[in-house]
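Novice: Could you put together the complete structure from these sequences and hints?
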Amino acid sequence: MSLELSIKDPGREQDMFAGRAIALFVVVVLMFGVLVARLVTLQIVEHETYQSRADDNRTKIQTLAPSRGMIYDRNGRILADNKTSFSLAIVPERTDDLDALLHSIVEILTLTPQHLERIRNALDKPRRPDSAVVVLEALSEKQVAMLAVNRHRLRGVEVTSQLIRSYPMGELAAHAVGSVRRLTKEDLRTVEPVQYSGSQFIGKRGVEAFYEKSLHGKVGYQKVETDAYGRVRRVLEVQGAQTGQNLTLHLDSRLQVASVAALGERRGAIVALDPRTGGVLAMVSQPSYDPNLFVTGMSISTFDDLASSIYLPLFNRAVNGQYAPGSTFKPVVGLAGISSGVTQWSETIEDKGWFQLPGQERVYRDWSWTKDDSGGQGQVDLNRAIYRSSNVYFYDLASRMEIGSLLEFASQFGLGRNVAVDIPEASTGLLPTPEWKRKAKNQPWYPGDSVNLGIGQGDLLATPMQMATVAAAIANRGKVVRPKMLLSSDVSIDEVGTIDELPSVLGLDGEDWELMIDAMENVVHRGGQGFRGNGTAWAYIGQQVGYRMAGKSGTAQVVEITQGEEYDEEQLSEFRRKHAWFIAFAPVDDPTIALAVLVENGGGGSSVAAPVARAIIDAHLTEELASIH
Amino acid sequence: MTQDFQRRLPSYGASAGTNTSWSDRIHVDPILLLLITGVVLFGLVILSSAVDGNEALFDAQVRRIGVAYAALIIAAQLPPAMYLRWAPFLYLVGLGLLILVLFVGIEVKGSQRWIDIPGLFRFQPSELMKIAVPMAVAWYLQQRVLPPSIKHTFFSLLIIALPAFAIGVEPDLGTSILVAGAGVSVLLLAGLSWRWILGALTLVAAAAPLFWQFVLRDYQRQRILTLFDPQSDPLGAGWNIIQSTTAIGSGGIFGKGLYQGSQSYLDFLPEARTDFIVAVVGEELGFVGIAFLLTLYLLIIARGLYLASQAGSTFGRLVAGALVLTFFIYLFVNIAMVSGILPVVGVPLPLVSYGGTSAITLMAGFGIIMSMRTHKAW
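Those sequence lines, one after another, are chains A and B. Residues 1 to 629 (my numbering) make up the first sequence, in order. Residues 1 to 378 (my numbering) make up the second sequence, in order.
Bear in mind the hints are in silico, worked out from the structure with no lab data behind them. Nothing here was measured: the structure is a model prediction, and the numbers come from that model. Hints should not be assumed to be uniformly reliable.
Here are some of the chain A residues that sit facing chain B, going by a computed Cβ distance under 10 Å [what the hints assert, rightly or not]:
(1) 17
(2) 23
(3) 44
(4) 46
(5) 47
(6) 53
(7) 227
Here a beta-carbon is modelled for each residue, glycine too, at the ideal position from N, C-alpha and C.
Specialist: Okay, here's the thing in C-alpha cells:
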C-alpha cells in the first residue's frame with residue numbers, strides 16, 4: 001500500500017462518497033423497480049384473481065334451512081313439531097386459559113370425562129382463527145340456565161340455538177307418524193343436495209319419510225358480508241326459506257292412545273280405518289320406541305337394545321307384520337262362494353268336527369274337535385259357519401271352489417298387494433297361487449292347499465292393515481277403500497299423484513253383504529243360545545254393547561319361527577303360541593270405524609283380540625258421540 | 001500527486017458557503033421537510049381509514065407525529081461535532097442496555113425488547129441502535145484512511161455484529177436487520193471495494209443453508225416456507241400473506257376508494273394499522289396510490305443522499321448517507337414483505353405505520369441528516 005493512499009484526503013473522500021451515493025441510489029432505484037414489478041403483477045396483471053378472492057372473503061352465501069312442516073292429528077293436536085335445541089360453542093381465542101374454562105364447563109354442567117374428551121376432540125379439529133366451535137349439542141334447559149348464571153366465569157363460551165324435531169306423543173304414535181334421522185352422506189344421494197345444505201334431519205320412517213318433500217320445505221339463501229371471524233356484518237340479499245307444509249293426518253290421537261292402552265303390555269298391532277275414506281284413525285305396533293331418541297341422539301347401548309331386541313320395537317307390525325289371517329279370512333271365502341255360485345245362503349252341511357278330501361286319508365279338524373270325537377257344529381249354513389267359525393264348512397267350501405277364482409276374489413279386498421295411498425313401505429302379504437307355489441317351493445298345488453286356504457292358513461299371509469281394509473270393505477258393502485294417512489294439507493302437495501279408486505267387489509248384491517254382516521254381528525251379539533249356539537266372541541265382548549258391531553275372530557297358527565336366534569325354551573314356547581286376530585266394524589248400519597287387531601302369540605282371537613277391538617270401538621264411538629253433542 | 005493534496009474549495013460544501021439562507025440558519029432542509037411532510041400526511045389519511053373509526057388511536061398518532069417533528073428539529077440543531085464526540089458513548093450505552101434488556105427486559109408478545117422504568121416510560125434500546133450503530137461505525141472509519149482496509153472493515157463489522165446479534169436473540173429479527181443494514185450502509189458508503197462486496201454476497205449465499213439450520217428459529221423458518229407456498233397453511237402461517245396480497249391485488253389500478261377496503265374493514269387483513277398498512281393503501285388507493293407513495297419515498301432518498309454528499313465532513317456524510325439507506329431498507333423490507341416477496345418480519349412502513357417509536361427515531365434521523373448538511377464545516 002502506497003504512502004499516499006494512507007494519508008487522509010477529505011476531498012478525495014468526498015468524491016468517492018458521491019460516487020458511492022450515486023451507485024447505491026442506482027441500486028435503490030432498481031429495488032424500487034422490483035417492488036413496482038411486484039405491484040404491477042398483483043394489481044394489474046392478476047387483479048381479477050385477487051378481486052374475486054377478496055369478494056369470496058367478504059361475501060358468503062348462507063343457506064337458510066326451512067323449518068319443517070308440522071304434523072297434526074285430525075283434531076289439530078300436534079304429532080310432530082319443532083322445538084328449540086341449544087348447543088354450546090367455544091371460541092378458544094377469546095379465553096385466557098382454555099383448560100380452566102373446560103374445567104369450569106365440566107363442573108357447571110356436571111359432565112363426564114367422556115364428554116370432556118369429545119369436547120377436546122372437537123376443539124382439535126382444524127378451523128379458522130376466532131371461529132366458534134360447537135362442542136356440545138342438545139343442552140337441557142337446566143344446563144342452559146346454569147350456563148347463563150355462570151356466564152361471568154365463561155369467557156369465550158357461546159350458547160346457540162337451532163330447531164329440532166320433537167314428537168310430543170313419543171312412542172305412543174312412533175309407528176304411525178314415523179320419525180326423522182340425522183342426515184347422512186348416503187341420504188344426500190337420494191335427495192337434491194342443495195335443498196338439504198342447511199338441514200340436519202331427514203324423514204326416515206312413516207309419514208315423515210313419505211311426505212319428506214312437502215314437510216321439508218324449500219331452502220333459502222342469504223348473501224351476507226362477513227368479517228374475518230365469520231360474524232355477519234351485513235345482509236346483502238335474502239331469498240327466504242319456504243317453510244315446509246303442515247300436514248293433518250286422519251289419525252285421532254285420542255283413539256291412538258286408547259288403542260295403545262287397550263293392547264296394554266302385549267305385543268301386537270292395531271289398524272283402525274274410517275271405512276268411508278280409508279283414513280287411518282289409529283295405527284299401533286307394540287313394542288314401540290321413542291322417536292325423539294333419533295333426533296337428540298342416544299347412547300350406543302340404547303340403540304343396540306332397540307335394534308337387536310328379539311321383540312323388534314323398530315319393526316312396524318301394523319304394515320310390515322305378515323301373519324296367517326286365520327278365521328278372519330272366512331268372510332272373504334264365504335262371499336267368494338256366494339259370488340261364484342258354489343254355495344248359497346240356504347245351503348247347509350253336516351259339521352262333525354272333521355273333514356276329509358274324497359279319497360284321501362288326511363283328516364282336517366275343526367277347532368272344536370275333541371278326542372272323543374264329540375266336536376263339530378252340527379248342521380251349518382254360511383251364517384252359522386261364520387258366527388261359530390266352523391272350519392269344516394270352509395274346508396268343504398274351499399275344496400269345492402276353483403282356486404284361481406277364490407284368490408282373484410280375495411285380491412279385490414286388497415290382499416296380496418299394497419293398496420295404501422301413502423304407505424309405500426307396507427308389505428303386500430301373500431295370496432299363494434299355484435304359480436307362486438311352483439316357483440317358491442317347487443311343488444304343485446295340492447287340493448289340501450285349497451282346504452287350508454279356506455280357513456286362512458297355509459301360505460296365506462296378510463298384514464293387520466290389509467285385514468283392516470277387508471273389514472272396511474265389508475263395512476262398506478263391497479266398496480274397497482285405500483288406507484291413507486294424510487287428511488289434508490295447507491296446499492295441495494305432489495307426493496300423492498292421482499290414484500284411482502279401487503273398484504268395488506264384484507258379483508254380489510246388497511242382500512249378500514247384509515247377510516254376511518248379519519253373520520258377523522252374530523259373532524259379537526248372538527248370545528244366550530246355550531251350547532254351541534252363541535257367537536264365538538259373545539262371551540267376551542257381547543254384553544252391554546251400546547251399539548251394533550260386526551266382527552270376526554281368528555286364531556292363527558304361527559307360520560314359522562325365526563330359527564338360529566338365541567331363544568331359550570321359554571321364549572320358544574312363547575313364540576310358538578297362536579296369534580290372536582279380531583276384525584270388526586261399527587256401527588253396522590253406518591260404519592265409522594273398521595279395524596283389525598292382532599296380538600302376537602296371544603292365543604284365542606275371541607278371548608284375547610276381541611276385547612281389545614271392543615275397547616277401541618267403544619272409545620271411538622263415545623268420542624264421536626261426545627263430539628256431536 | 002498534487003491532485004491528491006489539492007484541497008477542494010470550501011464552497012464545494014454548501015454549508016461552508018457565505019450565503020447562508022434562513023433555512024440553513026435553523027438547520028432545516030425545506031425540500032426534505034416538505035417531502036417528509038407529504039408522506040406523513042399521506043400516512044395520516046390512510047391511517048384514518050385503517051383505524052376503522054377509532055378516533056383515539058388516530059389522535060394518539062397525531063400527537064406522536066408532533067413529538068417526532070420536535071425530535072427532528074432538535075436533532076437538526078445539534079452540531080455534527082457533538083454527534084462525533086458522543087458517538088462511541090452512545091454506542092456503548094446502547095450495547096449495555098441491550099445486554100441489560102436480555103436480563104431485566106419486559107416480555108411483550110414472546111420477545112424481550114423493552115426496558116421499563118417504572119412510573120416514567122418504557123423504551124426499546126434496539127431503537128436507539130438504529131442511529132447509534134451507523135454513528136459508531138462512521139466514528140470509527142472517519143479516523144482511518146478510506147476506503148477501509150481489511151482490518152478496519154473487520155472492526156467495523158464487529159461494531160455492527162454485537163448489537164445486531166443481541167437484538168436478534170430478543171428475538172427481533174426485523175430490527176436486527178435494520179441495525180445491521182444501517183451499519184453496513186456506512187461501510188458501503190465508505191468505499192468498501194466492490195470486489196469484497198460481491199465476495200461477501202457470495203459468502204452469504206453459501207452460508208444460507210447453515211444459517212437456516214442453526215440460526216433461524218422454527219417460526220422464522222415457517223415464515224420463509226410460507227412465502228413460497230402460502231396455501232400450505234392458509235388459516236395459520238399463510239393467512240397474513242394471503243390476506244395482504246389479496247388486499248393489494250384486489251385494489252387494482254385505482255383502488256376501491258378511501259374507506260372502502262373490504263379486506264381491512266372486515267378484519268381479514270391482520271395488523272392493518274401497523275406493519276401491513278401498505279396493503280390498505282394498495283386496496284383502497286390502488287396501484288396509483290402506492291406508486292405515489294413510492295415516488296415520495298424515492299424523492300426523500302434522493303434528496304437525503306444529496307444532502308449527505310453535501311455534508312461538511314466524512315463522518316457527517318457517512319452517518320447521513322447510512323440513515324438514508326436505513327430508511328430505504330425499512331420501506332423496502334416492509335413493502336416486499338406485505339406484497340409477498342420477503343418473509344414476514346416485524347418492520348413498520350416508515351412514517352406511515354401506526355406506532356411512535358419508529359417514527360420518532362426516523363424523524364430524529366432526518367434531523368441528524370439535516371444537521372450534517374447545514375452546520376458549518378468543522
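Novice: All hints are to be evaluated individually against the structure, with a verdict given for each.
Specialist: Status of each hint after checking the structure:
1. 17: holds (5 Å)
2. 23: Holds: closest Cβ of chain B sits about 9 Å from residue 23 (chain A), inside 10 Å.
3. 44: holds (6 Å)
4. 46: Since the shortest Cβ distance to chain B is 6 Å, the answer is holds.
5. 47: Residue 47 (chain A) check passes; min Cβ-Cβ to chain B is 5 Å, inside 10 Å.
6. 53: holds (5 Å)
7. 227: holds (4 Å)
When the structure is compared with the earlier hints, no violation turns up for any of them.
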